[in-house]
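When you get a sec, could you build the whole thing from the sequences and use the hints?
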Amino acid sequence: QKEVEQNSGPLSVPEGAIASLNCTYSDRGSQSFFWYRQYSGKSPELIMSIYSNGDKEDGRFTAQLNKASQYVSLLIRDSQPSDSATYLCALSLDSSYKLVFGSGTRLLVRP
Amino acid sequence: EPEVTQTPSHQVTQMGQEVILRCVPISNHLYFYWYRQILGQKVEFLVSFYNNEISEKSEIFDDQFSVERPDGSNFTLKIRSTKLEDSAMYFCASSALAVETQYFGPGTRLLVL
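In order, the protein sequences belong to chains A and B.
Residues in the first sequence are numbered consecutively from 69, following the numbering used here.
Residues in the second sequence are numbered consecutively from 61, following the numbering used here.
Hint data in this document are derived by calculation from the structure and do not stem from the laboratory.
All C-beta atoms in this analysis are idealised placements derived from N, C-alpha and C, irrespective of residue type, glycine included.
Don't take every hint at face value.
[Stated by the list, open to error] A few chain A residues that face chain B, going by a derived Cβ cut-off under 8 Å, partial list only:
1. S100
2. F102
3. S111
4. P112
5. L114
6. S117
7. F129
8. L133
9. N134
10. K135
11. A153
12. S160
13. S164
14. L167
15. F169
16. S171
Below, the structure is given as structure tokens:
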């Protein structure tokens with residue numbers, strides 16, 4: 069069973085729209101959750117971290133965590149062409165140092 | 061803003077050769093990591109390092125791999141005898157605490173011929 073699942077996409081949205089990215093996970097011992105953005109050929113760049121149930125907002129980005137349903141999502145408001153990238157969901161487990169990554173969702177923002 | 065740096069950005073080597081990938085973590089961070097990403101695949105954890113010893117490693121991190129912090133700033137990954145399947149992007153990351161955000165370096169693209 070995959071530990072972190074994401075729809076590979078591409079998710080295509082028009083400029084100015086809201087992009088909604090989802091991630092589900094299988095291990096209830098998951099403790100911390102992260103969204104990274106990765107441009108082609110580049111390294112993961114942190115967008116947001118979230119540790120407790122509910123919403124967390126940072127500028128145009130909102131992360132949502134629901135531990136009971138084992139999902140975490142990322143909303144991007146007022147999407148821009150520069151947001152076009154692969155968005156990686158990652159988590160860390162109890163008593164573990166490593167991040168476990170999903171395969172990522174490719175987002176395309178059409179001008 | 062402090063950042064993780066890595067050298068070289070690209071490395072081409074012959075199968076069976078040894079390579080050393082270098083990283084300078086963020087200066088006040090205590091936890092260091094290596095990940096790799098084979099082209100088109102997900103980012104995979106290799107190893108974490110804290111207090112001058114390995115704290116966790118994956119099944120990928122076999123006897124061909126080793127890590128070292130030779131001085132107060134550098135963190136290295138050595139692959140003793142490279143294989144074709146070691147071709148990947150290798151990312152170094154660091155964090156202040158174990159469960160906190162890991163910040164990634166720009167990566168080293170390793171190509172084994």
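Hint check:
1. S100: holds (5 Å)
2. F102: holds (7 Å)
3. S111: Holds: closest Cβ of chain B sits about 4 Å from A:S111, inside 8 Å.
4. P112: holds (5 Å)
5. L114: holds (6 Å)
6. S117: At about 5 Å, which falls below the 8 Å cut-off, the nearest Cβ of chain B leaves the hint on A:S117 intact, so it holds.
7. F129: violated (15 Å)
8. L133: violated (15 Å)
9. N134: violated (20 Å)
10. K135: Violated - the Cβ of A:K135 stays beyond 8 Å from chain B, reaching only about 15 Å at its closest.
11. A153: At 14 Å from the nearest chain B Cβ, A:A153 fails the 8 Å test, so the hint is violated.
12. S160: holds (6 Å)
13. S164: Hint holds; A:S164 Cβ to chain B Cβ min 6 Å, cut 8 Å.
14. L167: With Cβ-Cβ at 6 Å, under 8 Å, it holds.
15. F169: holds (4 Å)
16. S171: Constraint on A:S171 satisfied, holds at 5 Å.
In terms of the numbered hints stated before, the structure departs from hints 7, 8, 9, 10, 11, listed from lowest to highest.
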